[in-house]
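Protein chains in written order, with full-length UniProt numbering: chain A, 1 to 564; chain B, 1 to 688.
These are computed hints drawn from the structure, not numbers from a lab.
With a straight-line cut-off of 25 Å between C-alpha atoms, the simulated DMTMM-like cross-links for lysine to aspartate or glutamate are: (1) B/Lys519 with A/Glu162; (2) B/Lys410 with B/Asp333; (3) B/Lys295 with A/Glu413; (4) B/Lys519 with A/Glu413; (5) A/Lys527 with B/Asp496; (6) B/Lys470 with A/Asp529; (7) B/Lys512 with A/Glu413; (8) A/Lys517 with B/Asp538; (9) A/Lys517 with B/Asp506; (10) B/Lys219 with A/Glu413; (11) A/Lys415 with B/Asp538; (12) B/Lys519 with A/Asp529; (13) B/Lys512 with A/Glu162; (14) A/Lys161 with B/Asp538; (15) A/Lys161 with B/Asp513; (16) A/Lys516 with B/Asp538; (17) A/Lys516 with B/Asp513.
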Amino acid sequence: MNTEILGIILIFLLSALLAWPLGKYMVKVFKGDKVWTDFMNPFEKLVFKLTGINPNKEMDWKQNLKAMLGLNAVFFTVAIAFLMLQGYHPFWNPNDFSNWDPTLAFNTAVSFTTNTNLQHYSGETGASYFTQLLVFCWLQFVSAATGIAVCALLFKGLLNKESSNLGNFFNLFLKTCTRILLPLAIILSLALTFNGTVSNFDGLQEVTTLEGDTQMVAGGPAAPMVSIKQLGTNGGGFFGPNSTHPFENPNYFTNILENIAILLIPMALVFAFGFYIKRRRIAMLFFGVMSLLFVSFVAISAYQEIQGNPAIHQLGIADAQPNLEGKEVRFGPAASSMWGVSTTSTSNGSVNSMHDSHTAISGGIFLLDMFINAIYGGVGVGFINFFVFVIIAVFIAGQMIGRTPDFLGKKIEAKEIKIAALVAILHPFLILVCTGLASYIVVNNSEIGWLNNPSFHGFSEMLYENSSAAANNGSGFEGLGDNTPFWNIMNGLTMLLGRFLPIIGPLAIVGSLAVKKQVPVTVGSLKLDSAAFGAVLISVILIIAALAFFPALALGPLAEYFTL
Amino acid sequence: MDTNNKKLFSGALLSVALKESVIKLNPKVMIKNPVMFSVEIGSVIMLVVTILSAFMKNDSLGDFGYNVVISFILILTVIFANFAEAIAEARGKAQADTLRKTRKDTIAKKLQDIKNPIDNSRFTEISSSELKKGDLYVCEPGDIIPADGKIVEGLASIDEAAITGESAPVIREAETDKDSVIGGTKVLSDKIVVEVTANPGSSFLDKMIGLVEGANRQKTPNEVALTILLSSFTLIFLIVTVTLQPFASLANTPISIAALISLFVCLIPTTIGGLLSAIGIAGMDRALRANIIAKSGKAVETAGDIDTLLLDKTGTITIGNREATAFVALDNDDKEEFIKYCLISSLSDKTPEGKSIVKLAKEKSNATIDKDHSSLKDAEFISFSAENRMSGVDLADGKQIRKGAWDAIKKWGSQSSESDKNFLEEKVNDISNNGGTPLALAIDHKILGVIQLEDIIKPGISERFARLRKMGVKTVMVTGDNPLTAKFIAKQAGVDDFIAEAKPEDKMQYIKDEQQLGKLVAMMGDGTNDAPGLAQADVGVAMNSGTQAAKEAANMVDLDSDPTKLIEVVEIGKQLLITRGNVTTFSIANDVAKYFAIVPALFVVAIPGMEALNIMNLGSPESAILSAVIFNAIIIPFLIPLALKGVKYRPVGASTLLTRNLLLYGLGGIIVPFIGIKAIDLLVNLFI
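Whenever a hint applies, use it, and build me the whole structure from the sequences.
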């Protein structure tokens, strides 16, 4: 057991250690400083020349927003068209998969465009290699780059002194793809391939098992997709079982690599914030606040899993066994919890164990992670979500010391608070209203058959599904019959709102802060890098996330826990 | 004026406020406060449920008797919140009324011929309330001035005690910096013609009264932002409560409407929602108690953010004017003689400096000469002119005495030896370097010595500056002194910066420079030439004794004309924000305990395991919910004294202050309701 715990400590420390230099490097890319990937220059120039975009045009927040939304609309349209016409691809479709049902295509196109990767389909039985690579894998790159580029706009805006120029979204977007995501993905997919993650174009292969039976086994170009799904906090697996599948995640070493890849860029962006605005101590405080929550959540989850299921213990079988239901024995309970917390807090959504089968409290922790959705968070958007909490915390703390509040010298006024508050309540609104709607339908249509597990656990499954969609996470408490028009459309809309409103809002805040005059720092100013502010920040995060969801958690995981 | 009202509220105020708090239940009034408005809606729904439950029985309607109690407490919650606002308003009004008493209707002698104010004998007597802006009226000794105005003709001594509490009469004169008169004050001598400067109902005082009374009260920017945040919290908890209904039916745990509404009301930030406007009004009221008339709530709030404070040296940092503190004769043997001539030269000098020289001379020597002394017969006194920068006496025996700026005297003292001149310069530098102002004296073109004038720094002022520094406020001394003297005094008084040989343009430039750096600047002024600076500054405080132009340009008027008021203004502003912030924190922190009271109570019947969450071990689900709602209601009146008095501001540095307030109001806000709800539950269980 000790080695398992050492394993997860190692994952955490390595992630943070690698994130530091990566953060520095990313800032150089954002600021256009000299970096070793400058050899990409001719290629980038060619892309801009072909698309007729001027990457040096200074744009304010609205222009950047239009650029981002426009580009994403194109991605979405192309993706949904390909899915609905999948049967007509002439190549890379060895298993002859046909066209998709429109609501599933809508849900999936939204899901991949919004960096969610909620999968109401199963990769090996529904998606051609063409779809996997040129639709899903492609969207995994560009949706991640969208988030990171917007985050870079935010950094620039916070540094601005009375200038509305946030930089150029197109430029940041492309450079994020070519200079950050691509190199990292190449390194990771090579490492994974060498360690057994499959990478071929052979379709179903007939293999003879040890018992002598023959079996059709799906393969495919999994390694490239696995690497970007982790790095870009996408989470959409090549195969249905995601990273529990031995072809995606063969052994403990690849598990370490993939788990680090989940945390790497989200952590690096927190450091990048510090490097960008040259306030490392503030970044360290933010990192500390996030890590405190993260480590506590991992500890609680791992403890619960290692303790095992009390109901099984009471039966007298397998005494003092950890809870291994739905887990891969090659990873064990601790690494499964570590992954679970990593993937839910970063809005990644890939799994290396079945979250549905975790103990009630551990499942509750995963939910809480998604409610907060800013513990490191999804690439780019995680920090943006965190920024909203910071604005609210600054507003409250500022008043407590007798100053009208400011963040980095920019006054937080009614306009900023209005946007921040709306964004903050959007998340509970989406999750609770959708779950309420689903619960209402289930109560009044007992024959609807969505829930395999009745009562509290079934409720948790629906709560999880909606949280996963709203948080753009993509993992699922499986067991929910979710490939129905109702879930496809509702989740699709939730993902769209949950993705773009929390980007538009903070961008508008930054657009407004960027043009404001900077207030000088005095001894009377709020110290953002003080422990006291850290306490306010944690309280605000917990109050907004936990208090809003406490009754729901009570009826789901807590009720389940107390009835066991 | 009663500035020291120790009791928070008297019986009379209480009954007025109670009546007001019921009147305020009008939804049109309530909607201005979204948090309490939603409680009111909750109460109305609850009343309907109560009536229905008298005739029907089902799970969601619940028990009639219980519903009656919950409805009653919900309405009480709204009334408590209204009461908080009403009592703050009543206090403000009472304070304003004492000021308003001074402006009861009086007789105004309105001039008939406006074009010819010189002919001030023809006037009609009308009521002061009929005076309009631009009217001219006459005041004679014994008259009460009927309206605020500006003297256009004449000068008078006026007793302003009714407004400022200062008993010594002041002189007001046309075409000077002191040409404004205030309604309600009394003319003691002479006759003046005054032009009315404000229409009835729009004087500074009327504006201030509007700020503490409900009707015209505008929310300050920060208050608007906070209201938005609180409304969004309310919205979140509305969603939480509404969606809980289908959740619960899925989990087969029916919840009554009373329980859902109770949960909602307990979770939304009613404590701060109920006290928010009271806090704002109390802030204005505190300003009024300090005899400051603020023209807007925003000005008071901004005052808390001030980064730079421009303070006039005279009156603020030093006591009045310079005083003579030493006589330095060039030739020590002639010292007695020197002092005598200093005395003679200053006898007709009516400036405070001149008087202090006479006083010091009489202390330091045996000279007893006064103005009627025989030796001064037929003496010709020469008064100070800016051109010569000297004053003096030509005695009957032909002796010429001159006193003045040392370089002017040096020039005039052509009979002095070169070494004397050098010695003079040496002495002068000594005095200057030590913060004094040298004044040289010469007789018949021969320099005798130097008089040392010094500023007396107010006792305790450097502590106040240290306090400001800890708040993060930079203090800047503005003085007409030369840089050397200014620097010395600045250092001694502990100000951070100074503007020496200051002209009004310098002040203006300094304000602009600071604002360019993003700083907020406050200044105080009285003269017409201060007006642009007062308008430019983020917080401009005009002295009541100042000119109309200064008062118009400023956003606050200090009735006491006390230059140290600026410091108080900053603290009042900070106190306002801190009180708001801390009550908000307290209010939100309370939710933790309320959750632990209500959530297990909601589910424990259907899910017995939930009893584990009942960490307060409350008697029954019904009593748990009831206790939480009761706590939620009575915490409002409990905190009214805090809202009205404000949280004390301590200049201990931002981080320490935040930690302190976080422990007190954040952690306290978590712990207090646990104790409170448990105690109420014990009481409630005695009755059921």
